[in-house]
Amino acid sequence: MKMINNFLATLAFAIISVGAYSQVDPVGKDNVAIGWYDVVAYFTDGKALKGSKEFNHEYNQVVYYFANAAHKSAFVKSPNSYLPQYDGYCAWAVAEKKSKFPINPETFAINNGKLYLFFNGPFNGNTFNTLELWKKDETNLLNKAEANWVELKAKK
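Here the sequence shown stands for residues 1370 to 1525, numbered as in the numbering used here.
No lab work stands behind these hints, which were simulated from the structure alone. Warning: the hint list may mix true and false statements.
With a straight-line cut-off of 30 Å between C-alpha atoms, the simulated DSSO-like cross-links for lysine-lysine are [stated by the list, open to error]:
hint : residue 1 : residue 2
1    : 1398      : 1419
2    : 1467      : 1505
3    : 1446      : 1398
4    : 1505      : 1524
5    : 1467      : 1398
6    : 1467      : 1483
7    : 1522      : 1416
8    : 1522      : 1505
9    : 1513      : 1467
10   : 1419      : 1505
11   : 1522      : 1466
12   : 1469      : 1419
13   : 1483      : 1469
14   : 1466      : 1422
15   : 1504      : 1483
16   : 1504      : 1419
17   : 1446      : 1466
18   : 1446      : 1419
19   : 1398      : 1524
20   : 1513      : 1524
21   : 1522      : 1419
22   : 1422      : 1467
23   : 1416      : 1513
24   : 1469      : 1422
25   : 1398      : 1505
26   : 1466      : 1524
27   : 1422      : 1398
28   : 1419      : 1466
29   : 1504      : 1522
30   : 1483      : 1416
31   : 1416      : 1505
32   : 1416      : 1466
33   : 1513      : 1398
34   : 1416      : 1398
Produce the complete structure using the sequences and hints provided.
So this is what it looks like as C-alpha cells:
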C-alpha cells in the first residue's frame, strides 16, 4: 500500500509540475486567446489570471476571457491597450530566433505599457525561461524583436 501511495504522490507531483510549465499557442484551435488568461489582469493586477466564461468578448475573430466585468469593459473600450505584442508569441523567440514560439501565459513582462509574453517550460531536459534571458538584454532584444516581427508577421 505504501508503494502505491508513493507512486500516486509522485504522479500527482509530475502532473502539477507539467501544468505549471504548460505552454499555449497565443490563439488556440478554439480561437481563444492566451489559454483563457485575462489580458487586462496583467496590467491591473500585475499577475496572470484566468478568465471566466461569464466575461468574454470577441475581437478580430479571437475570443478573450476576463476575470470580471470591469476587465471586460476596459478591453472593449480599448482593446489595443491590452493586446500582447507579436500577436502573443514569445518575445524572446521573435528577437533571438526570428520564430514564433508558444508561451506560458504566467511568464510575462510589461514595458512602456505593452504586454510581452514568454516561453517558460521544459526544453531539452531542462527548464528554459526566456523571460530571464530577455531581462538581461531587454533594450537590444526589444529592438531586434520589432525589426524581426515585420517579416514574421507576414508569415502564416
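Tested hints:
| no. | hint | result |
| --- | --- | --- |
| 1 | 1398 <-> 1419 | 18 Å, holds |
| 2 | 1467 <-> 1505 | 18 Å, holds |
| 3 | 1446 <-> 1398 | 26 Å, holds |
| 4 | 1505 <-> 1524 | 28 Å, holds |
| 5 | 1467 <-> 1398 | 23 Å, holds |
| 6 | 1467 <-> 1483 | 20 Å, holds |
| 7 | 1522 <-> 1416 | 27 Å, holds |
| 8 | 1522 <-> 1505 | 25 Å, holds |
| 9 | 1513 <-> 1467 | 9 Å, holds |
| 10 | 1419 <-> 1505 | 28 Å, holds |
| 11 | 1522 <-> 1466 | 14 Å, holds |
| 12 | 1469 <-> 1419 | 23 Å, holds |
| 13 | 1483 <-> 1469 | 18 Å, holds |
| 14 | 1466 <-> 1422 | 35 Å, violated |
| 15 | 1504 <-> 1483 | 15 Å, holds |
| 16 | 1504 <-> 1419 | 25 Å, holds |
| 17 | 1446 <-> 1466 | 34 Å, violated |
| 18 | 1446 <-> 1419 | 20 Å, holds |
| 19 | 1398 <-> 1524 | 18 Å, holds |
| 20 | 1513 <-> 1524 | 17 Å, holds |
| 21 | 1522 <-> 1419 | 27 Å, holds |
| 22 | 1422 <-> 1467 | 34 Å, violated |
| 23 | 1416 <-> 1513 | 26 Å, holds |
| 24 | 1469 <-> 1422 | 28 Å, holds |
| 25 | 1398 <-> 1505 | 33 Å, violated |
| 26 | 1466 <-> 1524 | 14 Å, holds |
| 27 | 1422 <-> 1398 | 17 Å, holds |
| 28 | 1419 <-> 1466 | 29 Å, holds |
| 29 | 1504 <-> 1522 | 23 Å, holds |
| 30 | 1483 <-> 1416 | 14 Å, holds |
| 31 | 1416 <-> 1505 | 21 Å, holds |
| 32 | 1416 <-> 1466 | 27 Å, holds |
| 33 | 1513 <-> 1398 | 29 Å, holds |
| 34 | 1416 <-> 1398 | 25 Å, holds |
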